[in-house]
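Top line first, the protein sequences correspond to chains A and B.
Residue 118 in our numbering is what sits at position 87 of the first sequence, and the numbering runs on without skipping anything.
Residue 62 in our numbering is what sits at position 58 of the second sequence, and the numbering runs on without skipping anything.
Careful, some of the hints might be misleading.
Which stretches of chain B does chain A cover? Using the computed rule of at least three CB atoms under 8 angstroms from a CB of chain A, they are [as the list claims (entries may be wrong)]: (1) 40-48; (2) 52-65; (3) 109-115.
Hint data in this document are derived by calculation from the structure and do not stem from the laboratory.
Keep in mind the model is a prediction, meaning the values are calculated, not measured.
The beta-carbon is built from N, C-alpha and C at its ideal position, and this holds for glycine as well.
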Amino acid sequence: AQSVSQHNHHVILSEAASLELGCNYSYGGTVNLFWYVQYPGQHLQLLLKYFSGDPLVKGIKGFEAEFIKSKFSFNLRKPSVQWSDTAEYFCAVNANSGYALNFGKGTSLLVTP
Amino acid sequence: EAGVAQSPRYKIIEKRQSVAFWCNPISGHATLYWYQQILGQGPKLLIQFQNNGVVDDSQLPKDRFSAERLKGVDSTLKIQPAKLEDSAVYLCASSLRGNTEAFFGQGTRLTVV
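Construct all of the structure, not just a fragment, from the sequences and the given hints.
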């Protein structure tokens with residue numbers, strides 16, 4: 032069955048620490064990959080996306096993610112987090128055939144001053 | 005550019021009552037999605053429309069949930085009768101077409117008591 036797994040459900044970091052959130056998927060065929068963020072009280076927003084090409088993609092606010100096809104992974108990274116990065120982060124995948132996004136369970140990130 | 009509009013923002017009903025949610029997607033977006041997000045989980049697709057046709061409703065509990073997208077623009081999602089386990093945030097999203105990034109509304113938080 033198609034699935035998306037996020038390994039860390041709750042992460043607490045101090046400001047300036049580095050961040051890496053894991054995401055693995057189980058899909059056959061070509062996929063599109065996404066990371067969405069939900070800040071407290073706000074709607075889901077796109078952080079970055081991968082459709083094809085360079086497997087290292089850069090998104091907004093200094094985030095980046097690397098697609099490793101052999102590992103079925105799309106991990107999110109940021110070298111130095113800020114308090115304002117406190118949010119819920121969701122990895123999402125869809126098959127490259129017009130179907131809807133399939134989301135992971137999310138990772139709650141708390142950045143402490 | 006106006007975003008995805010949803011109403012109401014909050015709704016509290018008693019079990020066995022009915023409720024309806026409304027969504028107005030971004031202008032020109034052919035694809036519309038309804039997701040259910042239970043606390044602590046990622047969004048789960050309920051139904052996907054392409055214009056006014058249904059692409060995927062495999063996870064929609066059809067004995068109590070219904071959705072329509074008349075004229076290929078606005079959409080309504082209805083629950084009748086509601087159960088306690090329907091307490092969740094109902095998210096509407098739209099995209100230019102399937103398998104491109106989706107833009108989300110603020111959601112409707114439903115509490116069934």
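- Query: Taking each numbered hint in turn, which are not upheld by the structure, reported in ascending numerical order?
  - Reply: The structure breaks none of the hints.
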